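Visitor: Here is how the chains run, residue by residue.
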Amino acid sequence: MNAPERPALDSIDALIHALQREGYFADRRLATAVFLALRLQRPLLLEGEPGVGKTELAKALARVLGRSLLRLQCFDGLEQREALYEWNYAAQLLHLRAAEGTAPASMLEQDVYHPRYLVRRPLLQALEAPTPGALLLIDEVDRADEPFEAFLLEYLGEYQVSIPELGTIRASVPPVTLLTSNRTRDLSDAIKRRCLYHWLDYPERERELAIVHALVPEAPRQLAAQVTAFVQQLRSAPYGGSFQRAPGIAETVEWARALVALDTVQLDPEVVVDTAGILFKQRDDLAALDGRLAAQVLQAAQAAA
Amino acid sequence: MLPPSAPLQPAPQRVPQLGDARSGKLAGNLAAFGRALRRAGVPVDAARLALAPQALGCVDLGRRDDVCAALEAVLVSRAQDRAVFRELFDAFFRDPELARKLLARMLPRAPGAAPAPRQRPGVREALAPPRAHTPGQAAPEQAMELDAAMTASARERLRTADFNQLSASEYRLVERLVRDIPLPLPTVPGRRARAGSRGARIHWAHTLHAAARHGGDVVALERLQRRRQSLPLLVLVDVSGSMERYARLLLAFVHAATAHVQVNGLRLALRRDVFAFGTHLTDLGPAFALADTDAMLCSASQRIADFAGGTRLGSSLEQLRRQHARRLVGRRTLVLIVTDGLDTGEPAALAQELAWLKRHTRRLLWLNPLLRFEGYTPSARGAAVLHRMADGMLAVHNLSRLEELAGAIAALLKTTRR
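Protein sequence lines, in the order shown, are assigned to chains A and B. So for the first sequence, the working numbering puts the first residue at 113; every next one is plus one. So for the second sequence, the working numbering puts the first residue at 3; every next one is plus one.
Do not rely on the hints blindly, as some may be mistaken.
[Stated by the list, open to error] Restricting the straight-line Cα-Cα distance to at most 20 Å, the calculated cross-link-like pairs of lysine to any residue (SDA-like) are:
no., chain 1, residue 1, chain 2, residue 2
1, B, Lys416, B, Arg365
2, B, Lys360, B, Gly377
3, B, Lys103, B, Val44
4, B, Lys360, A, Arg357
5, A, Lys393, A, Val365
6, A, Lys304, B, Ala52
7, A, Lys393, B, Ala357
8, A, Lys171, A, Gly279
9, B, Lys360, A, Gln356
10, B, Lys360, A, Asp397
11, A, Lys393, B, Arg333
12, A, Lys304, A, Gly269
13, A, Lys304, B, Val86
14, B, Lys360, B, Gln325
15, B, Lys416, B, Arg361
16, A, Lys304, B, Arg390
17, A, Lys304, B, Ala81
18, A, Lys393, B, Arg361
19, B, Lys27, B, Val44
20, A, Lys171, A, Ala322
21, A, Lys304, A, Glu261
22, A, Lys393, B, Arg324
Derived by calculation from the structure, the hints in this document are not laboratory data. Predicted model, so just to flag it, every value in this text is computed and none were measured.
Put together the whole structure using the sequences plus the hints.
Guide: Below, the structure is given as structure tokens:
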């Protein structure tokens, strides 16, 4: 394999820098957890509020490792045929029809259950990925139901699956696996035991500022600082209690972009209320952020800065 | 916070290899740390503990924050345990003696006192010695008396007797009886599918198998039929003073009746969340995870700090919205609020919270024990709001009403929502 030259990830600092080059600003705790997951070859379970960058981490890490990203989005009712594999039955039937009477039964059977009629879904693709292997992201695993979790447990333990017609498929290079959960329900202890665990918090101010600078380079320094300070206040006490869902990093970045597009130089309560639809997506939250509250939060943000 | 270069006290200065970590003092310290975590209520099993030295082998032991992060990634698996972990880590790896004191503070325990025998009420009952007979009375007669208490007519009377007017012994009997009342909640078509004769999608695997038996000819198309599943359940039980007598019975009833659900002849676990509310909300999830109803009641009464206090449904619901909104699954959840509606909070706030809850659930039903009175009208302020907002009001004041509950809920689910 003539893979492009990658920096050696032999320390936590090296990992932080590599992620940063891909535009992901990880704090040291997160980097330690990821580093251990890579070293110990364990799946990493990431929990946290929506919009703290769980999925982004997987994307950045895939680029760092040069692995292809395979994403399995979980949903209620997810079944093995959508997650693992399925036979292409229509093609098999056509084949049967075409070969009718020309071949003995045993030949026909071999032909019909040929790997080319196998429709590979993300979990199988992750096992068959060529070196350097795949990065498997199992997104929002809490949305799938318990039977799927039990199946996943087996998969994550062995990194092999058996297809009755073909035999066992074993991973040549075990995939690097990240699981994310939004905590709509508690995952089973068994699956937690198999994984390393990290709780992703909202980023602290310096880190969020760095993210805004990196993703919205056209934003003036002054504005970027004001935007992050404002959002930080919105998330923390006493203002965080007024809202049902705090804005995530994605919202901060979008907001900064919108303010730049509006040629805003300085935040004021009026601008905040006019553009609040980017920060909050719920009607109650939008109603809660009126001019008076916006002015208070702005003041608190200035005081904290 | 120590400077990053400060070495860990119990750990050796430099451990270059995995083997060294196992033979050195580190292994012993890790085991002790694991025990301390477990005593503080953080679930740490042996497999995780075995992974810890390997994890430490990957990081620089001179960096305290890295060691903390590494151990946290390996040993912690729940968001709520992180605070305990960090506090204990700080204390333990500075001074294990200090950690022991900290732990003692976390777990108040009188020194020297023997722990009370922990037996579930059912077990205690089973192990209790038979009562000594008084000389004058013959044993067989006593046994006869006991039988008479359980005759059909007595049971029949108990079925319609109000929970609030039971004598102590009747109350104990009813507490047993409520556990046997089933609550077969209605089911809805789910997303998962199984082979069946009806259904929109074709089950190609089965069709092909059948075709193979007929020389490759497709004789009949097998179908994928949607599995039926139960609605997720959210139960809010009022444990205020006015509900004292009902709360315990209804908790026992809900625990036993909703442990499993029969779907197409299969016994499936039901997704349920149970909260108690008085002046604030208490999550009874951990108590309801226990299989035994006595153990559940025991654990629940330890958790509920505001038992037999006042009622503030509005602020309890606000707490539900802020902290546990994710427990509501899609908009499918069936919500049962068990209360007499004698609420001391602000009706406007209650109406607002109920409107939110109603928007996010399939049905919001009010189980009201006060319906025992003929001609009851919800005229108390909180009750009026509840009556206006709820999709239905059902009676739960005696055994026969509990037996009819499932049918009443099913009927309400069939009607279209107001």
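Visitor: Now tell me if each hint is right for this structure.
Guide: Now the hints, each set against the structure:
no. : hint                  : result
1   : B:Lys416 <-> B:Arg365 : holds (11 Å)
2   : B:Lys360 <-> B:Gly377 : violated (27 Å)
3   : B:Lys103 <-> B:Val44  : holds (17 Å)
4   : B:Lys360 <-> A:Arg357 : holds (19 Å)
5   : A:Lys393 <-> A:Val365 : holds (15 Å)
6   : A:Lys304 <-> B:Ala52  : holds (15 Å)
7   : A:Lys393 <-> B:Ala357 : holds (19 Å)
8   : A:Lys171 <-> A:Gly279 : violated (32 Å)
9   : B:Lys360 <-> A:Gln356 : holds (16 Å)
10  : B:Lys360 <-> A:Asp397 : holds (18 Å)
11  : A:Lys393 <-> B:Arg333 : holds (18 Å)
12  : A:Lys304 <-> A:Gly269 : holds (12 Å)
13  : A:Lys304 <-> B:Val86  : holds (18 Å)
14  : B:Lys360 <-> B:Gln325 : holds (17 Å)
15  : B:Lys416 <-> B:Arg361 : holds (18 Å)
16  : A:Lys304 <-> B:Arg390 : violated (44 Å)
17  : A:Lys304 <-> B:Ala81  : holds (12 Å)
18  : A:Lys393 <-> B:Arg361 : holds (16 Å)
19  : B:Lys27 <-> B:Val44   : violated (23 Å)
20  : A:Lys171 <-> A:Ala322 : holds (18 Å)
21  : A:Lys304 <-> A:Glu261 : holds (11 Å)
22  : A:Lys393 <-> B:Arg324 : holds (16 Å)
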